[in-house]
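*Asks:* With the hints as constraints, model all of the structure from the sequences given.
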Amino acid sequence: MFGFLKKISHYTQDALNAAKYLAQGLSVTFDHMGRSPITVQYPYEKLIPSERYRGRIHYEFDKCIACEVCVRVCPINLPVVDWVMNKEAKKKELRNYSIDFGVCIFCGNCVEYCPTNCLSMTEEYELATFDRHSLNYDNVALGRLPTSVTTDPSIKPLRELGYLPKGVMDPHDVPSTQTRTGQLPSEVLELLQKNSKNNNTIEK
Amino acid sequence: MTIAASTELICFLILSVVIIAGGIGIVFLENIVYSAFLLGGVFMAIAGLYLLLNASFVAAAQILVYVGAVNVLILFAIMLVNKREDPKPIKGLQLRKIISAGVCAGLLALLIRVDLTTPWSLPGPTSIGELATERIGEHLFTDYLLPFELASVLLLMAMIGAIVLARRDVLITDVGTGKEVNQGLIEKATSPLLIDKNSSS
Amino acid sequence: MENISEPIFLALINPGLDLEFSFTEAMKGLGLSSQFAHILWLPLPMLLVLTAALIGVLVTVWLERKVSAAAQQRIGPEYAGALGVLQPMADGLKLLVKEDIIPARADNLLFTLGPVLVLVPVILSWLIVPFGQNLLISNVGVGIFLWISLSSIQPIGLLMSGYASNNKYSLLGGLRAAAQSISYEIPLALSVLAIVMMSNSLSTVDIVNQQNSAGLLSWNIWRQPVGFLIFWICALAECERLPFDLPEAEEELVAGYQTEYAGMKFALFYLGSYINLILSALLVSVLYLGGWGFPIPIEWLAQLTGLSINAPLIQLIIGAVGIVMTILKAYLLVFLAILLRWTTPRIRIDQLLDLGWKFLLPISLVNLLFTAGLKLAFPTAFGG
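If you're matching them up, the sequences are chains P, L and F in order.
Mapping of the first sequence onto this note's numbering: position 106 corresponds to residue 105, and the numbering continues sequentially without gaps.
Mapping of the second sequence onto this note's numbering: position 174 corresponds to residue 764, and the numbering continues sequentially without gaps.
Mapping of the third sequence onto this note's numbering: position 100 corresponds to residue 101, and the numbering continues sequentially without gaps.
Do not rely on the hints blindly, as some may be mistaken.
[Unchecked claim] Derived CB-CB ranges, DEER-like:
| id | chain 1 | residue 1 | chain 2 | residue 2 | range |
| --- | --- | --- | --- | --- | --- |
| 1 | F | H39 | P | P42 | 50 to 60 Å |
| 2 | L | L755 | F | L366 | 49 to 59 Å |
| 3 | F | E79 | P | E50 | 52 to 62 Å |
[Claimed, not checked] Taking lysine to any residue and the SDA-like style, the derived pairs with C-alpha atoms no more than 25 Å apart in a straight line are:
| id | chain 1 | residue 1 | chain 2 | residue 2 |
| --- | --- | --- | --- | --- |
| 4 | P | K45 | F | A72 |
| 5 | P | K155 | F | R75 |
| 6 | F | K99 | F | N167 |
| 7 | F | K359 | L | E724 |
| 8 | P | K155 | P | P174 |
| 9 | L | K687 | L | E620 |
| 10 | P | K45 | F | V117 |
| 11 | L | K687 | L | L670 |
| 12 | P | K155 | F | N167 |
| 13 | P | K165 | P | L144 |
| 14 | F | K359 | P | A14 |
| 15 | F | K359 | L | M747 |
| 16 | P | K19 | P | P36 |
| 17 | F | K376 | L | E724 |
| 18 | P | K165 | F | R75 |
| 19 | F | K359 | P | Q12 |
[What the hints assert, rightly or not] Here's a subset of chain F near chain P, in silico, CB distances under 7 Å, partners left out:
| id | residue |
| --- | --- |
| 20 | A71 |
| 21 | Q74 |
| 22 | P78 |
| 23 | K169 |
| 24 | T306 |
| 25 | W343 |
I should point out that these hints are in silico values taken from the structure, not numbers from a laboratory.
Even glycine gets a Cβ: it sits at the ideal position worked out from N, Cα and C.
*Replies:* Below, the structure written as structure tokens:
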């Protein structure tokens, strides 16, 4: 008899709890409806890529010494370095250089290890083509510089969440003069220099 | 003939044709799923006939019970056990066919005789239309209380029987321990389903 | 007999707008017989309600997309018309001109018939939705019972399309949909029965009239809070809305019985589900939220301002307010359904059947019993 009543009370408790949690969930959903959208309307608005964004690789033909370090550090030996030995000058003569971005994983190892800095990362990420073979960039294509999001007049550049001033969630109406939270790299550098100067003066 | 009367006649004819053709289809169609769907169509046409007789409550009940419950259950049964296999040859099929045809013909003759001999009073009693629902309720709980209660007891028995059949816990003796193991839903298993032979011994 | 005459008596006090009468009078003025005028009149409310239902679907689809977007901090459709209001129209147009594909091994006839059988009962049920005292297609005596019986045809269409697609996901989806539909019909019907018991009538007009004696306070939701919840849960399950959308659970069944459908046939399913949602919301507002009734009885307002309730202008205003109130209440419920969609996770099939048979059914039976007891004990408050 008593056990039965207990069962019923547990059952009712469960049902009431379920209703309570449902109401809580509904209130959360309802609360979200008042928040402003975080949508970036892509072709018209674009996020500014961060400083060390690993986009399409840029390559300067004239700087390259055809050392093939990029090939060796590449996880899949992707870059194709086409050179011939000029026996008279006893030097490598670079003829072609290409990277297939359909296969590249944008790890940045080649950029890291390039002894002459002829490879660098750009902030270009819109590589879509109709044919996968056109993703195979030769040295001419690799040498093109992308249009920066901030300089393209047809696009509204938006800052990413981490680059917004403190407490701001919506990047749409933030003036470019307002800096992000915390110190900028240049400020950190300045501070370091000042500190080291102070230390130097103390030591002296 | 007024527009209303002619509309009624046309509706009656269409519904009758649907019922008869559907009924023949149910019996003669090879595909059992088609038969089941046709049965639903026939039930709906019968509901249409009730509507023509101004018995809207009976029509709605016909759809709810026969189409919504009976026919759906039949379809469920067919679709859950949908085995496509050719019927096996039955011994003496010819004889069986002749016998069943004889029985059916006898039944038909009987029905025709009843139809011809009954003095149908036309037109029948005037319909009470919207009041019918209440009258049905009154009759069910006064004159026809006993059959009503008997039917409900019968349905209750059927329901309990179905529950017992469905809830029959399959008891299987465990391979290792030799004890009986409750093979309910895996999530609700009270004891491990099949204890590993090596670990138990 | 007293029970029956009461609603009729109410109707005599406030006849409301009688458009059919005015139309017939106008036609007679043009020299037509009353029978011919009646035949001319017949298709008009049907077309009107059908158009209203379709526009309601467009609005609901737009609302669903916009509210969903807002709940997820997105923008939603924006470019088709102002605020994207034309987006559902564009979707419909796209579906209309899409190729109608019937799978090679599918059952041609049943494949085509399935969506029709799903849509037609839903549209037929609009027969009984009242927007005002006389603003409904037909005040049939069996009223709300007609809706319950018509909605029981739907599972047949679902099973048919599931079977005819010749696809295991479709068949499973169809079977699930039918199982869900028939198991939630019972608590639904029982909670409707409690309402019917209180208002002594199956007719939707009488049910609304019985609720509107004291405005907001006399709505059925105060007398039937449990019934209201059961009805709403079951209505969501019947409409296959989240959290009960497991017949078309995309993670497990692709799209359930809709998997093989494309073009206009898919649009019929889509239309059917949305019309059903609006219909359910309208019926909740009719059964529990006082239908076309204004929160404060409009008769009191008329008395306060000293205007005659039977003046033609007042009648027109009352009719318009009634329509607006009904639609407003229904759309509040649609909004609630959309919120629920983004709040609750989908439940498993065994949880669904557990909820239906082990929770809602006993509770609705107890509710029915309780209502009967209250009706006997307090006949004045519970429509004795």
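*Asks:* Hint by hint, note whether the structure agrees.
*Replies:* Status of each hint after checking the structure:
| no. | hint | result |
| --- | --- | --- |
| 1 | F:H39 / P:P42: 50 to 60 Å | 58 Å, holds |
| 2 | L:L755 / F:L366: 49 to 59 Å | 23 Å, violated |
| 3 | F:E79 / P:E50: 52 to 62 Å | 32 Å, violated |
| 4 | P:K45 / F:A72 | 23 Å, holds |
| 5 | P:K155 / F:R75 | 18 Å, holds |
| 6 | F:K99 / F:N167 | 22 Å, holds |
| 7 | F:K359 / L:E724 | 32 Å, violated |
| 8 | P:K155 / P:P174 | 12 Å, holds |
| 9 | L:K687 / L:E620 | 16 Å, holds |
| 10 | P:K45 / F:V117 | 46 Å, violated |
| 11 | L:K687 / L:L670 | 30 Å, violated |
| 12 | P:K155 / F:N167 | 51 Å, violated |
| 13 | P:K165 / P:L144 | 33 Å, violated |
| 14 | F:K359 / P:A14 | 12 Å, holds |
| 15 | F:K359 / L:M747 | 19 Å, holds |
| 16 | P:K19 / P:P36 | 28 Å, violated |
| 17 | F:K376 / L:E724 | 18 Å, holds |
| 18 | P:K165 / F:R75 | 22 Å, holds |
| 19 | F:K359 / P:Q12 | 16 Å, holds |
| 20 | A71 | 4 Å, holds |
| 21 | Q74 | 5 Å, holds |
| 22 | P78 | 12 Å, violated |
| 23 | K169 | 33 Å, violated |
| 24 | T306 | 37 Å, violated |
| 25 | W343 | 5 Å, holds |
Against the hints set out earlier in the document, violations occur for numbers 2, 3, 7, 10, 11, 12, 13, 16, 22, 23 and 24.
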